[in-house]
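Visitor: Okay, here's what each chain looks like letter by letter:
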Amino acid sequence: MDFLSDPDNVDLYLTGFSWILRLTGAGALGALVLGVILAGMRVSPVPVLRAFGAGWVNTFRNTPLTLIIFFCYFGLYSTLGLTLDSEDIALNNFWLGVLGLSVYTAAFVCEAIRSGINTVPPGQAEAARALGLSFFQVLRIIVLPQAGRAVIAPLGSIFIALAKNSTIVGTIGLAESSSAMKTMIETYSSQTILIFLLFAGTFAAVLIPTGYFFGWLANRLAVKR
Amino acid sequence: MRFSRIAAVATAAVLAMSAAACGGGDGGDAGSGGSADGVIGKAASGKLIIGVKGDQPGLGLQTGTTYEGFDIEIGKIVAKGLGLDPSKVEWKTTASANRESFIEQGQVDIVIATYTINDDRKKRVAFAGPYYEAGQDLLVKADNTDITGPESLAGKKVCSVTGSTPAKRIKSDYPDAQLQEFDTYSKCVTALDGGQVDAVTTDDIILAGYAAQSQYAGKLKVIGKPFSKEPYGIAVKKTDTAGCAKINEILKAAATDGTYKTAWDTTLGKSGTPAKDLAVASLTNCPA
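From first to last, the protein sequence lines stand for chains A and B.
Going by UniProt numbering, the letters in the first sequence line up with residues 1 to 225, in that order.
Going by UniProt numbering, the letters in the second sequence line up with residues 1 to 288, in that order.
Simulated from the structure, these hints should not be mistaken for laboratory data.
These numbers were taken from a predicted model, which means no experiment stands behind them.
No residue lacks a Cβ here, since even glycine has one placed at the ideal position from N, Cα and C.
Possibly wrong hints are sitting among the right ones.
[As the list claims (entries may be wrong)] Some chain A residues near chain B, calculated using beta-carbon distances under 7 Å:
#1 Arg50
#2 Ser78
#3 Ile89
#4 Thr119
#5 Gly173
#6 Ser179
#7 Thr183
#8 Ile185
#9 Glu186
#10 Tyr188
#11 Ser189
#12 Ser190
Build out the structure end to end from the sequences listed, making use of the hints.
Guide: Written as structure tokens, this is what we have:
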């Protein structure tokens, strides 16, 4: 058990999971905003916007996340010179990671919300239109609030997947939990299984209750029809 | 009908798995005897699997199905010493993280993969050697003059592999440097070439391999002031003491008959670094 008594390892462990939390938080926020906009595009009456939304979803949903994150570093940063933080290399990698995670997860959020929009009876939107509301007003005041409450459980699954996907940002050098695990295994290779269980266990311990929480929330807030 | 077919398939699968499990168990038992399962026995049966790195030019580089480099040449010397034709050797790519488990599970018989001998690793595998002593160094662009050694790294961006010993040393001993970590050194060298990082750090021998690659010829240079000692060992199963001692004997012979120097000259020697003598007196890492 000597690897647990090394204060460096405690530090590594905490830093790793704090990066995961920040990635998940920032990524979820970015994906939610982008995803709602994309869902709006996909149901809009303008063909160009619909095509853009469909193109985004089909492209990013079918590209491996590793490639997207890799492209964020070697494509956007290395080749095109997009620097998101010129001072701190870790923060730069963090924001590149958030960008990749948001762009990718937004495709899934968009589809979840679009399925929620389909649960709203057409009569609701027709009535709103009959009152003289514009497309944006119908979407914002009538449809999205009902759609959002219908898709809390699927959004929960997407955010749980996002938390686990965050470990991929380690490939561009952010010291998140999977990198921390690699570092510990390199030094304490005789205790590989224990180290693995520690990290896998932490993810499970945080994410299983999160799953139940979203299930409970979905039940509470669902529009009963 | 359908049910019985599924049952038959399931039974076959279970039988296959239990047979495989038995095979593994037997191997472990024989290993403690140190004969049939050891590298000597494996070589006598006409087949040897050597785990090497596949992405380190000059040391262990895989192109298609062939491997080349200094570690590969050392592997050929060991195979020849065990009385096996080097063409009978099966090379297998190992990553740093799975070297111990590959040895333990018998997926490879020997690991020669820039494998630094240390006490924690000795708990799981036995090391013959060291066959080379490397040291951590820095790779920079050829026209760089402000990085002269690890002391001048403050505020600079330094790249290494996630979780590696060199990365760890930079974090603990030179915390003023900004560390960029990737999963392979190739990405680090790409980033150095593109100007996103100022230096790449790992063992000098690995850096020399990259500097000697044709696409970087004349563009990159190794500083040449190693600031650590990394004795590279040849790993075998922890219980295989006879095999370990035999490999040390083979290395001793290779040092005197010149094959060790030839191995260097045809691989890393091309970077211009002359061969070091193999320190025969230090071949003392085998478990007693």
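Visitor: Does each hint fit the structure? Answer for all of them.
Guide: Right, here's what the structure says about each hint:
1. Arg50: At 38 Å from the nearest chain B Cβ, Arg50(A) fails the 7 Å test, so the hint is violated.
2. Ser78: 5 Å, holds
3. Ile89: 4 Å, holds
4. Thr119: Violated, because the Cβ-Cβ distance from Thr119(A) to chain B comes to roughly 38 Å (cut-off 7 Å).
5. Gly173: This interface hint holds because 4 Å falls under the 7 Å limit.
6. Ser179: 5 Å, holds
7. Thr183: Since the shortest Cβ distance to chain B is 4 Å, the answer is holds.
8. Ile185: Holds: closest Cβ of chain B sits about 6 Å from Ile185(A), inside 7 Å.
9. Glu186: 4 Å, holds
10. Tyr188: 6 Å, holds
11. Ser189: 5 Å, holds
12. Ser190: Where the cut-off is 7 Å and the nearest Cβ of chain B is about 4 Å from Ser190(A), the hint holds.
The structure shown violates the earlier hints numbered 1 and 4.
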